[in-house]
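With the hints as your guide, set chain B onto chain A.
So the sequence lines, in the order shown, correspond to chains A and B. Sequential numbering of the first sequence, starting at 0, is according to numbering that gives the first Met the number 0. Sequential numbering of the second sequence, starting at 0, is according to numbering that gives the first Met the number 0.
Keep in mind that the hints were calculated from the coordinates and are not lab data. If you're wondering where the values come from, they're calculated on a predicted model, not measured in any experiment.
Partial chain B-side listing against chain A, Cβ under 7 Å, derived:
(1) Tyr209
(2) Gly340
(3) Arg361
(4) Thr377
(5) Arg400
(6) Ala448
Derived DSSO-like pairs (lysine-lysine); straight-line CA-CA distance at most 27 Å:
(7) B:Lys348 - A:Lys85
(8) B:Lys263 - B:Lys31
(9) B:Lys303 - B:Lys473
(10) A:Lys64 - B:Lys126
(11) B:Lys111 - A:Lys88
(12) B:Lys409 - B:Lys292
(13) B:Lys99 - A:Lys64
(14) A:Lys85 - B:Lys108
(15) A:Lys21 - B:Lys363
(16) A:Lys88 - B:Lys363
(17) B:Lys401 - B:Lys317
(18) B:Lys124 - A:Lys64
(19) A:Lys6 - B:Lys348
(20) A:Lys21 - A:Lys1
(21) B:Lys367 - A:Lys1
(22) B:Lys99 - A:Lys85
(23) B:Lys263 - B:Lys302
(24) A:Lys88 - B:Lys342
(25) B:Lys111 - A:Lys85
(26) A:Lys21 - B:Lys108
Glycine residues also receive a C-beta, built at the ideal position from the N, C-alpha and C atoms.
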Amino acid sequence: MKMDIEKVARLARLELSEEEKKTFGNQLEQILTHMEQLNQLDTTGVEPTSHAIPVSNVFREDEVKASFPQEEVLAIAPDEEVGHFKVPKIIE
Amino acid sequence: MPIIPPFQYSDYETTMDIHSLTIHQLHDLLVKKKVTSREATEALYRHIREVEEKTKAYLLLTEEEAFRQADQVDRKIAKGEEIGDLAGIPIGLKDILCTKGIQTTCGSKILKGYIPFYDGTVIKKLKEKDTVFLGKLNMDEFAMGSSTENSGFQITHNPWDLERIPGGSSGGSAAAVAADECIAALGTDTGGSIRQPAACCGVVGLKPTYGRVSRYGLVAFASSLDQIGPITKDVKDCAILLNAISGYDPCDSTSVNAEVPDYKQSLKRDIKGIRIGIPEEYFMEGMDPEVEKSVKEAIDSFKKWGAEIQRISLPHTKYAVAIYYIIATAEASSNLARYDGVKYGLRSKGYRDLMEMYTQTRAKGFGKEVKRRIILGTYVLSAGYYEAYYRKASQVRTLIRKDFEEAFQKVDVIVAPTAPTPAFKIGEKTENPLRMYLSDIHTIPVNLAGIPAISIPCGLSHEGLPIGLQIMGKPFDEGMLLRVAYTFEQNTDFHLKRPSLT
Chain A
0 MKMDIEKVAR
10 LARLELSEEE
20 KKTFGNQLEQ
30 ILTHMEQLNQ
40 LDTTGVEPTS
50 HAIPVSNVFR
60 EDEVKASFPQ
70 EEVLAIAPDE
80 EVGHFKVPKI
90 IE
Chain B
0 MPIIPPFQYS
10 DYETTMDIHS
20 LTIHQLHDLL
30 VKKKVTSREA
40 TEALYRHIRE
50 VEEKTKAYLL
60 LTEEEAFRQA
70 DQVDRKIAKG
80 EEIGDLAGIP
90 IGLKDILCTK
100 GIQTTCGSKI
110 LKGYIPFYDG
120 TVIKKLKEKD
130 TVFLGKLNMD
140 EFAMGSSTEN
150 SGFQITHNPW
160 DLERIPGGSS
170 GGSAAAVAAD
180 ECIAALGTDT
190 GGSIRQPAAC
200 CGVVGLKPTY
210 GRVSRYGLVA
220 FASSLDQIGP
230 ITKDVKDCAI
240 LLNAISGYDP
250 CDSTSVNAEV
260 PDYKQSLKRD
270 IKGIRIGIPE
280 EYFMEGMDPE
290 VEKSVKEAID
300 SFKKWGAEIQ
310 RISLPHTKYA
320 VAIYYIIATA
330 EASSNLARYD
340 GVKYGLRSKG
350 YRDLMEMYTQ
360 TRAKGFGKEV
370 KRRIILGTYV
380 LSAGYYEAYY
390 RKASQVRTLI
400 RKDFEEAFQK
410 VDVIVAPTAP
420 TPAFKIGEKT
430 ENPLRMYLSD
440 IHTIPVNLAG
450 IPAISIPCGL
460 SHEGLPIGLQ
470 IMGKPFDEGM
480 LLRVAYTFEQ
490 NTDFHLKRPS
500 LT
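Isolated chain A (complex conformation) (with noise of 0.2 Å):
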């Protein structure tokens, strides 16, 4: 299965160079070769598992909590203002 990179790269927002795009592009072609033997396997009426060990209907009361000092998160901002993260503009 060919892989279009430079679509996933954008969908996982990762820049690629051209020389990334090659190596990455046959390292991948190699595992998702390999990936191929699963195909093997009959999993017709198989539960997936998405919880090794399953726990159900974990809910706390819907009760405030303090969060943390605003102060002490935009300390570590990379760029921030007036109290909020400083981004470049979204919408036209």
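Same frame as chain A, but now just chain B:
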């Protein structure tokens, strides 16, 4: 402050330097007031300075904080207060654990300089027990790797042979314990990252049952697989640390509300009647013959000591690596989406718009292996491929889980090698990622099934490299693992061997 008598070597059977002690040995000295926690901490830092240039296990040393913690414990001892097993004991922390006010990089440039404003639950628990933190230990970036060669900062060297890997991703932790650069350490295990480095470095490493230990404050790689666990010099220390870190945490909705027994009570030298399963799929072609020999000798010893040995089959083992690299990378691609330069960590410069800010930050901040896995993970979750890959892998995961469930109807524990070979040379497998992945075949199934497993040293190769024995158990049956491990350890002397570095 009362005068505390100086540490005297003559009080002990052998001339032991403080740094080579175990948790329980040092605790004994602290309680008897033969040594202070400050002295112990000083001794550790002195030793670190001697060997660090060879091992490069640490990313950060936290002397100020460590001495503050040590002095706090010494004041308690001086006042005659009773202290717990871990009080005043200097340990190292894998740099994937959030420590308030102390840099946490996960071995990645994208988090260089990141200072968490909170402690993870496990860190909080250890602080409550007055543990001393020496520093943060090197690792494969975001826990992705089996050699610690993927660290964004430095390569850690195996203390037994400096040209070899210490294993990964908790390579810094295992190397530091083996080199006596900390009394014990915490690592994390997603596909073998505690057990395999422990095997490579000749120390003890345990991955608890999924949900036994809280993941709050553990930077996530694969949320359905990650667990924090102890890396120690002996099995007793492992039980002590496991006691300290285990337990339900409301901050981690995947942590299980099951009682935590006193794991020290499991330290019995008796395995008579214990049923041990030997899975034929774990003794495959291409395995190092010395590894096979050491493990088979261990199995013979178990038989000699009264255990019942049974051949079992875990038929879906051969699919484990394939499904792990679908599931783990899928979860990782989701978990690592948060590293976008917005709120913390690296933000690249020179971007023209938001999209470039994301793509350039991530391109610059992530190493090759992380990028590779994010791409693979994104692909197997993308539209048109989800069914064929992720869903299929999750179904096969159920089959692997069932293999273990059926086996545990007939046996109490399963014994196998931890890794197919002893530590390989630095650079040996970096060109071929698939080959690196396949070397995790012995450890991966355990994470997929969520069961606990421990690795203990069981031999040395003719080149003097440690060989690890893996013991796997039923969910929440860490006690049984410790019992079998302890019996083996106390009847042999592998745990007393140390590499010679100085």
